[in-house]
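Protein chains: 2
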Amino acid sequence: MTYCVGMRLDKGLVFMADTRTNAGVDDIASVKKMYTWEVPGERVITLLSAGNLATTQAVIGILEEHHKHRDERRPDIYQTDTLFQTAKLIGDMVKRIIKDASDGGPEQTAGTFHATFIMGGQIKGERPRLFFIYPEGNFVEATDENPFFQIGENKYGKPILIRAYEKDMSFETAVKLLLVSFDSTLKSNLTVGMPLDLQLYEKDSLKRGFEKRFLPNDPYFLAVASGWSDALKAAFAELPDFSFDQ
Amino acid sequence: MTYCVGMRLDKGLVFMADTRTNAGVDDIASVKKMYTWEVPGERVITLLSAGNLATTQAVIGILEEHHKHRDERRPDIYQTDTLFQTAKLIGDMVKRIIKDASDGGPEQTAGTFHATFIMGGQIKGERPRLFFIYPEGNFVEATDENPFFQIGENKYGKPILIRAYEKDMSFETAVKLLLVSFDSTLKSNLTVGMPLDLQLYEKDSLKRGFEKRFLPNDPYFLAVASGWSDALKAAFAELPDFSFDQ
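The listed protein sequences derive, respectively, from chains C and L.
Anchor point for the first sequence: position 201 equals 201 in the numbering used here, and the numbering is continuous, going up by one each time.
Anchor point for the second sequence: position 134 equals 134 in the numbering used here, and the numbering is continuous, going up by one each time.
Honestly, the hints are just simulated from the structure, not real lab data.
Some clues are possibly wrong.
Because identical chains cannot be distinguished in the list, a pair is counted as satisfied if it fits within a single copy or across any two copies.
[To be verified] Straight-line Cα separation of at most 30 Å, DSS-like style, residue types lysine-lysine; simulated pairs:
id, residue 1, residue 2
1, K95, K68
2, K233, K11
3, K99, K167
4, K11, K99
5, K167, K187
6, K233, K187
Sequences are here, hints too, so could you generate the full structure?
Next comes the structure, spelled out in structure tokens:
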């Protein structure tokens, strides 16, 4: 499994992804799930992936190949005019890759090759945008009402996102929020694992923003994880106990 | 969907269940998911159910029928000598009911008729015990290492249970913990809904304990829900923000 979040703020975009991949609990590896394409001053596009590793790597591989071996008839992630077009390009590719893999025969279980993606960034002339791309190839865009997307093991870390997200929060606070959400997920599910990749995109900068890989012994991550555990216990203790007399 | 929790404490057992049932989001109803069989001074058995409503109602219905129309050859939930036997009785019944329903033909999707159960209580001569019963009819018992079970939509409400559960907590604190866990789930998933049914079982009492149905406007539930939201936000605000300088 996987846990990735893409979040839209007034200040720009924030992406975080875990790096664990597994085929069964005894076949675990670490893999990058965050990819970025950049032309400084012109476009920055970041992609987070969850699901079948063969499918997600095929998507990345074909995007890279199409760019290296340019051909007018083939779409190139460096050539799209808008992020909507970029989402359509990736969506079509995902749909085709899953369809090809599923042609293997009747023994294939529906959903085996599924993958979902969060794609966001900015192309000059547009505002920053954030999309959720489904295995079926269609996609939705983040709005003020739905300002963040999660893919993979999304449930454990959702309650804190719902409660603490604010669109005008700083990048510093947003990183804290994501680490709390990831910590809840890491504590609850073995198939999500450290290290965690972080990437920020500052609105209208049109260049890659701050990037960091949080290792398991990262002092700030450890401070957030233990601080949050203590704070939760203290907050819980302060709530009034139930009373049988009411 | 559904959310139910059964929890083992030093003081006894605590059960909580939501009451929403749905077949699609436009076909919602309220249904009881908590059933109790009691012979004061001799046995108390409480059952929580999640999954296909036809399956769970069939289990309850057959348990009731077997008792009303007694027959030595048929197992009766009032006649088992231990809770282990009770779990086996219910497990066998669940397995048979799902198998019968799945015989309908090849158009049936695997898992359509699945249901899971939490069963707990005490039979004279034993300590209080708590079991998780799978759709396959087998079951596991709660231990000191795994002191609570969740069925249904279990992920949203799990992080707080992991962090705040303590085996020597009071019933009053346990009810608070369950309401916090249910509140996180209610806020995240529409298929879990109020009212919430609570039942306590006091160790060695061998009689039904305190019961309450929390309605949506219950003052204590509202105090916990809003208090927890505020406390989380305050706890989150107090954690140190990320710094780009580190």
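Hints the structure fails to honour = Numbers 3 and 4 - these are the hints that the structure violates, sorted from lowest upward.
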